[in-house]
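Peer 1: Sequence:
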Amino acid sequence: MTDITTLSADVSKASTLVTLFGAHLLSWHPAGHPDVLWLSSRAVLDGTKAIRGGIPLCLPWFGSPTDSPTRPGQGAGAHGFARTSPWTLLGSTQPANDAPASFSFELHHTGETSALYPHSFCARLDITAGAELNTTLTLTNEDDHPFAIEAALHTYLHVGDVNDVTVEGLDGERYYDKVRERYATQTGDVTFIGPTDRVYTSTQLVQVVDPKLGRRIIVDKSGSGSTIVWNPWSQGAATMSDIGEGEWQNFVCVETAAVRERALTLWPGHPHIMTQTLAVETLD
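Letter 138 of the sequence shown, counting from 1, is numbered 138 in UniProt numbering, and no numbers are missing.
Note that these hints are calculated values from the structure, not bench results.
Among these hints, one or two may not hold up.
Using 30 Å as the maximum straight-line C-alpha spacing, the simulated DSSO-like pairs for lysine-lysine come out as follows [to be verified]: (1) Lys212 x Lys13; (2) Lys212 x Lys178; (3) Lys178 x Lys49.
Cβ-Cβ distance ranges computed for the label pairs, FRET-style [as the list claims (entries may be wrong)]: (4) Thr239 x Gly73: 25 to 35 Å; (5) Asp177 x Thr265: 19 to 29 Å; (6) Arg180 x Gly77: 41 to 51 Å; (7) Thr239 x Thr191: 18 to 28 Å; (8) Asp242 x Lys212: 42 to 52 Å; (9) Asp144 x Gly188: 21 to 31 Å; (10) Tyr183 x Ala96: 28 to 38 Å.
Ideal Cβ positions, reconstructed from N, Cα and C, are used throughout, including at glycine.
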C-alpha cells in the first residue's frame, strides 16, 4: 500500500499536518514552540494500521471491545474503526492573513451492513489551527433508534521528559485505574512514576506543566465527561513495535473523551458535539 495522503497548512501562527486516513492530526507546531503533538519515529504511515501519535480518533468504541458498553461484534479490534478508515475531506482553508487554517472531514457508517457495529451514524471533524488548536467532533445518529457510542480524541502531547511532567486540574476527581484494575480518587496533581492508564470522570480543564520544555499545555474541552491520562512507560512501550527506543519518555496522552460510564446515548435528531482546545504558554 502506498503512503497515506497528507495535507499541510502554514499560517502566521502555526504549521499543521493532517491526513484523510482516520482524519488524523499528525502535527501542530505553533510559532515559537516545539511541536505540541508527539508522533513516533516508527509510526506506520502506509494505511495498514493505526498511526502512533498525533490525535487518533477512537470511535465508535474505546479500548478493548469486551470493556465497552457499545458491545461491538465478534472480531472487533481495540479503539473502533474510525482511526483506520478513510474520511472524506469536505473542505480546507489556508488564509493569507492572521486567521487560522481549517480542515473539515466526514465519515458515514451504515450499520445495516456491519457485523461489528449495527448502527448508522455520521462523524464530522472540524479543525482550526493557529495560535490555538481547536478540534470539534460532531456525532449524528442516522438510524431510527438510539444507541450507545464512545468517542475519544486520543491526544499525544509532546513533552521533554514524562518523569518531570505534572498534570493539573484533576485533584479530587474519581478515576478508574486500568493498571491496577480499581477505582480511586486523585489527590493533588498527577505525576508519573510508572505505567499510567486512568479514566477520570471529569469535565474540567487540565494543564500539562513541562519544565524541561519550559511550557504549559492547556487542554480545555466541552461535551466530554471523561479525561484519560496514559503513558505506557518502558514496560508497555517495549511491547509496541511502533514506538522507538526510549520515546515513551517524550509523550503523555491527555484525552478528551466520552467512555465507560460516561459513554453517550446518541438519539436520532440530537447530534452530540465534543470539542477540545489546545493552547501553549511559556513557563515563567
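Peer 1: Give a verdict on every hint.
Peer 2: Consistency of the hints with the structure:
A distance of roughly 23 Å separates the Cα atoms of Lys212 and Lys13; the hinted pair therefore holds under the 30 Å criterion. The straight-line distance between the Cα atoms of Lys212 and Lys178 is roughly 28 Å, inside the 30 Å bound, and the hint therefore holds. This hinted pair checks out: Lys178 and Lys49 have alpha carbons roughly 24 Å apart, not beyond 30 Å. Judged by the Cβ atoms, the range 25 to 35 Å given for Thr239 and Gly73 holds: they are separated by roughly 26 Å.
Separated by about 26 Å at the C-beta atoms, Asp177 and Thr265 satisfy the suggested range of 19 to 29 Å. The hinted window of 41 to 51 Å between Arg180 and Gly77 is violated, with their beta carbons roughly 25 Å apart. Taking the beta carbon of each, Thr239 and Thr191 are about 23 Å apart, inside 18 to 28 Å as hinted. A beta carbon spacing of about 24 Å between Asp242 and Lys212 contradicts the range 42 to 52 Å that was offered as a hint.
Checked against the hint of 21 to 31 Å, the C-beta distance between Asp144 and Gly188 comes to roughly 48 Å, which is inconsistent with it. Between Tyr183 and Ala96 the C-beta distance comes to about 52 Å, which lies outside the given range of 28 to 38 Å.
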